[in-house]
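K.L.:
As a plain string of letters, each chain reads:
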Amino acid sequence: MSGFFKSSIGRKVTMALSAFFLMFFLLQHFAINILSVFSPDTFNEVSHFMGTNPLIQYALQPVLLFGVIYHFVMGFILEFKNRSARVVSYAKNNGGANSTWVSRNMIYSGLFILIFLIIHFMDFWIPEINTKYIVGDMSGLHNGSFRYFHELQEKFVPIWRVALYCLGFVFLALHLLHGFNSAFQSVGANNKYTNGLKGFGKAYAILIPLGFIVIALFHHFNH
Amino acid sequence: MNLTLKIWRQKDANDKGKMVDYKVTDISEHMSFLEMMDVLNEQLVASGDEPVAFDHDCREGICGMCSMYINGEAHGPDRGVTTCQLHMRMFKDGDTITIEPWRAKAFPVIKDLVVDRTSFERIQQAGGYISVNTSGNTQDANAIPISKVAADEAMDAATCIGCGACVASCKNSSAMLFVGAKVSQYALLPQGQVEAVERVQNMVAQMDLEGFGNCTNTGACEVECPKGISLENIARMNREFLRASLKG
Ligand code: HEM
Ligand code: SF4
Ligand code: FES
Chain A
1 MSGFFKSSIG RKVTMALSAF FLMFFLLQHF AINILSVFSP DTFNEVSHFM
51 GTNPLIQYAL QPVLLFGVIY HFVMGFILEF KNRSARVVSY AKNNGGANST
101 WVSRNMIYSG LFILIFLIIH FMDFWIPEIN TKYIVGDMSG LHNGSFRYFH
151 ELQEKFVPIW RVALYCLGFV FLALHLLHGF NSAFQSVGAN NKYTNGLKGF
201 GKAYAILIPL GFIVIALFHH FNH
Chain B
1001 MNLTLKIWRQ KDANDKGKMV DYKVTDISEH MSFLEMMDVL NEQLVASGDE
1051 PVAFDHDCRE GICGMCSMYI NGEAHGPDRG VTTCQLHMRM FKDGDTITIE
1101 PWRAKAFPVI KDLVVDRTSF ERIQQAGGYI SVNTSGNTQD ANAIPISKVA
1151 ADEAMDAATC IGCGACVASC KNSSAMLFVG AKVSQYALLP QGQVEAVERV
1201 QNMVAQMDLE GFGNCTNTGA CEVECPKGIS LENIARMNRE FLRASLKG
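For the record, the sequence lines run as chains A and B. Residue numbering for the first sequence follows our numbering, beginning at 1 and increasing consecutively. Residue numbering for the second sequence follows our numbering, beginning at 1001 and increasing consecutively.
Treat the hints loosely; a few may be bogus.
Label pairs and their computed distance ranges (CB to CB) [what the hints assert, rightly or not]: (1) B:Ala-1150 <-> A:Leu-26: 35 to 41 Å; (2) A:Phe-30 <-> B:Arg-1243: 30 to 36 Å; (3) A:Ala-91 <-> B:Ser-1047: 22 to 28 Å; (4) B:Lys-1023 <-> A:Leu-17: 51 to 57 Å; (5) A:Ser-89 <-> B:Val-1024: 25 to 31 Å; (6) B:Asp-1021 <-> A:Phe-218: 58 to 64 Å; (7) B:Asp-1140 <-> A:Ser-84: 45 to 51 Å.
Simulated from the structure, these hints should not be mistaken for laboratory data. Every residue gets a Cβ at the ideal spot worked out from N, C-alpha and C, and that includes glycine.
Starting from the given sequences, assemble the full structure and let the hints guide the process.
P.N.:
So, in structure tokens, the structure goes:
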């Protein structure tokens, strides 16, 4: 099996598996965030559950961290190897004649997502870890009521952050417009369902990032 | 028609090489692209210059030798054709045409537009065959029933002529369409099952060793392939490889 992880196809498959996990996580993340638009109380309760449940904190969270890191590190490794597979580049190359722009620029959309993720981690994840595991306050309370919804609203006051988040999701949409269906092909799933799945993949790639953008804008204009 | 050609000239494998401009006149739109190149070469020979070296053999789209990257696309702007099948009517009078060799680390340039594609042969030698006993008591091929669907798909995969346009077009210089086709033509048939596990593992290992890149599913290969080899073959190879890795 060690040969598998060093082989081109093995790496391609693990790239797709980490991507499947990330796409599933994204859906889950969206489902919770959208609650903040409809019911701040439910959002608070679910956030508290997610933030304090030991299974989620000590089992799923490390898997997520590993998944994200594996995905972009392997993405960079493959990009580097793929570039070195062509020593002299073409004087004239008409990439647009045979492939989509999004499929040729996964590394750039990915790079922007990475920048976004670093900021996103500094905004939400690091303060959470600090409050819960360094300060040691697992109550989830601030002045007697749940702090999550309030913290979320605060973050979306500055327009620069809202703009950056929106841009981040635009790049995520571009990444997924190719990535969603690419991941199925990578694990060898190309069959009679593939055409139908393409439509679903496009819908996912546009609607989920758009949903996140709507949430960010909603909180910017409603606080 | 009159054309300006920008052609990659490189004396030998060690030369640095450069693009050189040429002019050709009175090219008929009925000529094939290679015939246009012949006109240029006659012109060069007449003026005492070195003709442009390019690969060709059958000139009817079956050998896969004619490997030119024309105006940024493998085999030029037409679909489902090799360079020898490309007609000059795809171009207009006064056009400038850029002509380059296949570019890939695993396809080093030998001279001008000629590249070394023996990396494909080594991949084939690693497993692109079935071992049959030809001692005289060979089984009748029809004794093994094969469904029409499987036979057709295997035949489609087997139409790959090993031209390397897939590698040349791929931004990653990946050979997965070629290897996918060569793995598939056996994976679809009962005769291919005996050596299925080693075949895909050995061919993929050789492909990696040769320095081809990794597929990111852009689909450029499928569009540029003169034989319409489908991406389904790459998916099938991935499945075969996964299955083989789990078994062995
Ligand atoms: C952290 C920054 C990220 C970087 C640097 C990055 C980079 C890459 C690269 C280089 C590829 C391979 C290109 C290809 O196969 O076409 C890729 C594929 C993919 N990425 Fe990302 N990515 C990032 C984040 C994400 C996120 C957050 C998601 C989903 C929520 C995602 C989903 C995908 C999918 C679905 C694929 C296709 C997998 C496949 O073809 O098998 N990526 N990514
Ligand atoms: S798959 Fe198509 S493009 Fe690639 S070598 Fe075979 S015939 Fe040529
Ligand atoms: S010369 Fe044989 S395919 Fe073009």
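K.L.:
Run every hint past the structure and note whether it holds.
P.N.:
Evaluated hints:
1. B:Ala-1150 <-> A:Leu-26: 35 to 41 Å: holds, 39 Å
2. A:Phe-30 <-> B:Arg-1243: 30 to 36 Å: holds, 35 Å
3. A:Ala-91 <-> B:Ser-1047: 22 to 28 Å: The hint (22 to 28 Å, Cβ to Cβ) holds, given that A:Ala-91 and B:Ser-1047 are roughly 24 Å apart.
4. B:Lys-1023 <-> A:Leu-17: 51 to 57 Å: This hint holds: roughly 55 Å between Cβ atoms.
5. A:Ser-89 <-> B:Val-1024: 25 to 31 Å: holds, 26 Å
6. B:Asp-1021 <-> A:Phe-218: 58 to 64 Å: With a Cβ separation near 59 Å, B:Asp-1021 and A:Phe-218 satisfy 58 to 64 Å, so the hint holds.
7. B:Asp-1140 <-> A:Ser-84: 45 to 51 Å: Since the Cβ atoms of B:Asp-1140 and A:Ser-84 sit about 49 Å apart, the hinted range of 45 to 51 Å holds.
Hint check: no violations occur; every hint is consistent with the structure.
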